[in-house]
Amino acid sequence: MTPAPVWKNPIVRWIDYRLPVFSFIHHQLVDYPTPRNLSYWWNFGSLSGIVLVIMVMTGIVLAMSYTPHVDHAFDSVERIMRDVNYGWLIRYVHMNGASAFFVCVYIHLFRGLYYGSYKAPREILWIVGIVILLTMMATAFMGYVLPWGQMSFWAATVITNLFSAIPLIGEPIVAWLWGGFSIDNPTLNRFFALHYLLPFVILGLVFVHLWALHIHKSNNPVGVETKSAREEIPFHPYYTIKDLFGLGVLLFFFLCFVFFAPNMFVEPDNYIPANPLVTPAHIVPEWYLMPFYAILRAITFDIWFIPAKLIGVIAMFSSIVILMLLPWLDTSPVRSARYRPIYKQVYWIFFADCLVLGYIGASPPEGWYIPIGQIATAYYFGHFLIVMPLLGIFERPLPVPESITAAMGMPKEAGR
Amino acid sequence: MIRFGLVLAAALGLGVTLSAEASEAPKAPAQAWPFNGPLGTYDRNDLRRGLTVYRNVCASCHSLHLVSYRHLAGVGFTEEEIKTIAAAVEVEDGPNDQGEKFSRAGRPADRFKSPFANPQAARAANNGAFPPDLSVITKARKGGPDYLYGLLTGYKNPPAGFKVLEGMNYNEYFPGHQIAMPAPLNEGGVEYPDGTKSTVQQMAHDVTTFLSWASEPEMEERKRMGLKVLMVIFVLTALLYGLKRQIWAALH
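From first to last, the protein sequence lines stand for chains A and G. Counting in the working numbering, the first sequence runs without a single skipped number right up to 416 at its last residue. Counting in the working numbering, the second sequence runs without a single skipped number right up to 1252 at its last residue.
Among the clues, some could well be false.
[Said to hold, decoys possible] With a cut-off of at most 30 Å between alpha-carbon atoms, the simulated DSS-like pairs for lysine-lysine come out as follows:
1. K1027(G) with K227(A)
2. K412(A) with K1027(G)
3. K217(A) with K1197(G)
[Stated by the list, open to error] Derived DEER-like restraints, expressed as beta-carbon distance ranges:
4. F317(A) with D1093(G): 47 to 57 Å
5. I1247(G) with M410(A): 40 to 50 Å
6. I1247(G) with I25(A): 29 to 39 Å
[Unchecked claim] In silico negatives: residues of chain G with every beta carbon more than 10 Å from chain A:
7. P1132
8. T1196
9. F1234
10. W1248
Think of the hints as simulated: they come from the structure by calculation, not from any bench. No residue lacks a Cβ here, since even glycine has one placed at the ideal position from N, Cα and C.
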């Protein structure tokens, strides 16, 4: 690490001597050494972070006009849309922002899968990332409940009821989650409190994620560590400008939805106020939870004395937890799929499998959808538990370049 | 835990049969709404006529409680017009400093007056069926304005062999085809101040336009702002791309 510059401004120097914030920023964001060969897939980490900040900011403003009460929540959201200055803009940014957040995070995650970013020494970095994903899901789910429409209410009912599958203590846990014997005002109140809290937990987790990242730095498309200073470039200006450009592209697409199709991802039923007496024909979560919903519903049979529902719940949570074990389930020493001819294909099969699960999650569980969902679920787990461990043993990787510069076809440096 | 059984049934299977039944109704054909598309706006004459239909027909059963009279200013009604429209209803207010409720003429800041004091009264007057609030109706149904137009023009004689229950009406586009609402629009049912002939199609078109506005009063501003914002972002992003190329070109 190059030493921080000597700060010219006396106030900055005074502060930095006592609390080195300026040096910290300089080391972590300005001269932070980054592999020179990162592709645009590496933009999605910082993009996710920016979307998180947008979500927190719009969320705080929304909370100023939102009323967490079963009799007023629905109307208060519509009031924001009609009577708060630019309330419709803030709400639509927040609502579609959740989708944008998951788009960025899923691309970021699949980038990591392709280039083996989870492998040593970045296991903890990866695990923290999965914990962020889990927290995001909880946050998004509770946010979905707040407008107190039909889907809000019934999604809350279905999801909280999952906990009743836990033997013995299941029912008390559900009552405890609800704050009563049915989903009612106490439930809405605590969901609001938690929905406000969890994003700050995510911010804390993101800090830990970045901390771990900055220890061993970014992986890169070649998948070998940087070996010389020539392979590294300072974050600023190279990646600051690249990230800014990426942000422009993301904002363009994102705002197309916000301004021209703001309700594209919403079930129309959620514009019907919650009614505990009328069950919607088709209860579905938001698109980003569909694959996990499909896994939950795939288990339609009891195994021995364990009821189907409990297995479904376990399968759903395992499908995320298993990602945390991936650094050990993947036995191949090669990181990047570029040099793993079979994994490269397996990767796309797995990707397609996730799409199938998403499609099944959105479809009613009937006819062919059921066996297809079951096969896709079995493959999902098979990918992690069978394919990944065996592939590392039997796959014959292509020769891995000895360095990034070698992979880029740059001449060897003299005298190093 | 009876509730739970129901829910799981709904989530894991039962709901399916329901939805299979409910989705029997054909999709209402798409209409060429002037407010479609990225530049579309609400036709002001359609809107005015639609308000007439709502006030004279739908308002006797359906509330519109998220819309205030003053919101009409957003689509070109003058202050005087709004005052007149609001003053046409009596609203209950109070308590006054004697502690008594009193009624007064409506004001622009009031919400559109609801026809019934509470849902029970609404049901009692409608054979047990509840006429839903129409404030967000086009956002709350698949197909939005097309569905609404289809519903209002979809009253037909039932096909041979179809049993319509007592007090219900056959409608081509309503899920399940049996709706408690009697055909609300009849040829010549309202008298338009602008002299337009009030056919069922015309009234359905107009009131759908009005209710689409009620559901998304921000739409015109949203699209206008969207166009400007996207243009700025497009140019900015192009410039950033140029800058990125330039900065990276210096790298050897």
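Non-interface claim for W1248(G) versus chain A (Cβ beyond 10 Å): Non-interface label on W1248(G) violated, nearest chain A Cβ at 7 Å vs cutoff 10 Å.
K217(A) paired with K1197(G) [C-alpha distance capped at 30 Å]: Violated - the C-alpha atoms of K1197(G) and K217(A) are around 73 Å apart, more than 30 Å.
Consistency of beta-carbon spacing, M410(A) to I1247(G), with hint 40 to 50 Å: The hinted range 40 to 50 Å is violated for I1247(G) and M410(A), with Cβ atoms some 19 Å apart.
Restraint check for K412(A) with K1027(G), where alpha carbons must lie at most 30 Å apart: violated, 66 Å
10 Å Cβ clearance of T1196(G) from chain A: Check passes; 29 Å lies beyond 10 Å.
Distance restraint between K1027(G) and K227(A), which requires alpha-carbon spacing of 30 Å or less: violated, 62 Å
Range hint 29 to 39 Å (beta carbons of I1247(G) and I25(A)) holds or violated: At 20 Å between Cβs, range violated.
Verdict for F317(A), D1093(G) (Cβ pair) under range 47 to 57 Å: holds, 54 Å
Beyond 10 Å from every chain A Cβ - status for F1234(G): The claim breaks: F1234(G) does not keep its Cβ more than 10 Å from every Cβ of chain A (closest is about 6 Å).
Chain A versus P1132(G) - minimum CB to CB distance exceeding 10 Å, so not interface: Contrary to the label, P1132(G) does not stay out of reach of chain A, its closest Cβ about 8 Å off (not over 10 Å).
In this structure, the earlier hints numbered 1, 2, 3, 5, 6, 7, 9, 10 are contradicted, and the remaining ones agree with it.
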